[in-house]
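S.K.: Sequence:
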Amino acid sequence: EHLPKTVSDVIVGSFDSITTTIQWFLIYMTHHPDVQKKCRQEIHKFMGEDGCDVSDIDRSKLAYTQATIMEVQRVANIVPMPPCHTSDKDTHINGYFIPKNTAIMTNMDSLMMGPEVGDDPIEFRPERFLTEDGRPFYPKWFLPFSTGKLVSL
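Residue 4 in the numbering used here sits at position 1 of the sequence shown; the count goes up by one each step and never skips.
No wet-lab data here; the hints were simulated from the structure.
For every residue, glycine included, the Cβ atom is placed at its ideal position computed from N, Cα and C.
Treat the hints with care, since some could be wrong.
Said to hold, decoys possible - Cross-link-like lysine-lysine pairs, in silico, BS3-like; alpha carbons within 25 Å at most:
| id | residue 1 | residue 2 |
| --- | --- | --- |
| 1 | Lys64 | Lys40 |
| 2 | Lys64 | Lys143 |
| 3 | Lys41 | Lys64 |
| 4 | Lys48 | Lys64 |
| 5 | Lys103 | Lys92 |
Said to hold, decoys possible - Estimated spans, in silico, between C-beta atoms of each pair:
| id | residue 1 | residue 2 | range |
| --- | --- | --- | --- |
| 6 | Phe49 | Glu130 | 15 to 23 Å |
| 7 | Tyr99 | Lys64 | 44 to 52 Å |
| 8 | Ile30 | Pro124 | 27 to 35 Å |
| 9 | Asp91 | Arg138 | 20 to 28 Å |
| 10 | Gly137 | Gly117 | 19 to 27 Å |
| 11 | Pro36 | Lys64 | 19 to 27 Å |
| 12 | Gln26 | Tyr141 | 17 to 25 Å |
| 13 | Gly137 | Gln39 | 16 to 24 Å |
| 14 | Pro36 | His88 | 38 to 46 Å |
| 15 | Pro118 | Lys48 | 14 to 22 Å |
| 16 | Asp136 | Lys92 | 41 to 49 Å |
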């Protein structure tokens, strides 16, 4: 009975987050031509000037481009109000009592702009998602779509 609505929510939510990421990516590339140039060079290096099927490329080869997309998702906060979660039992978090069946919302801005990000959270810097040897990495605080069990949807 609830399956069609759930499937619809997942599809619409996925489409919206993808289009929002693309829109913000284009805006940030306009404002950061140096980053745009690095992404373009990296893509041409592995796709060639004539292009190829993107699915044939190993994503790890596009480390800087991948890091740039992640940085866009972080700075733009593409899903500022993710779905609510509900506490399934009475609990305490950081000294606060949370009764059973309480709606819990994640403050995504505090995750993406918090001190864990570094001393320059408002600065657009894709390198924060690269290791010293240039590989992409995914810090625990990077949750662009949501938190908890729904994050995998």
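S.K.: Each of the hints needs a verdict: does it hold here or not?
M.R.: Going through the hints against the structure:
Between Lys64 and Lys40 the CA atoms are separated by roughly 16 Å; this keeps the pair inside 25 Å, and the hint holds. Pair hint Lys64 plus Lys143 holds up; C-alpha atoms about 22 Å apart against a cutoff of 25 Å. At roughly 13 Å between alpha-carbon atoms, Lys41 and Lys64 fall within 25 Å of each other, so this suggested pair holds. The hinted pair formed by Lys48 and Lys64 meets the criterion: a straight-line CA distance of about 9 Å does not exceed 25 Å.
For the hint linking Lys103 to Lys92, the alpha-carbon distance of about 4 Å falls within 25 Å, and the restraint holds. Range check, Phe49 to Glu130: Cβ separation about 19 Å, and the 15 to 23 Å hint holds. In this structure the hint that Tyr99 and Lys64 lie 44 to 52 Å apart at CB holds, the actual value being about 45 Å. Roughly 18 Å separates the CB atoms of Ile30 and Pro124, a value that falls outside the hinted 27 to 35 Å.
Here the CB-CB span from Asp91 to Arg138 is close to 38 Å, at odds with the stated 20 to 28 Å. Here the CB-CB span from Gly137 to Gly117 is close to 25 Å, well matched to the stated 19 to 27 Å. Our hint of 19 to 27 Å for Pro36 and Lys64 holds, since their Cβ atoms are close to 23 Å apart. Take Gln26 and Tyr141: their Cβ atoms lie about 23 Å apart, and the range 17 to 25 Å holds.
Judged by the Cβ atoms, the range 16 to 24 Å given for Gly137 and Gln39 holds: they are separated by roughly 18 Å. Judged by the Cβ atoms, the range 38 to 46 Å given for Pro36 and His88 holds: they are separated by roughly 40 Å. Checking the proposed 14 to 22 Å range against Pro118 and Lys48 shows it is violated: the Cβ atoms sit about 35 Å from each other. Between Asp136 and Lys92, the C-beta spacing of about 44 Å keeps the proposed range 41 to 49 Å intact.
The structure shown violates the earlier hints numbered 8, 9 and 15.
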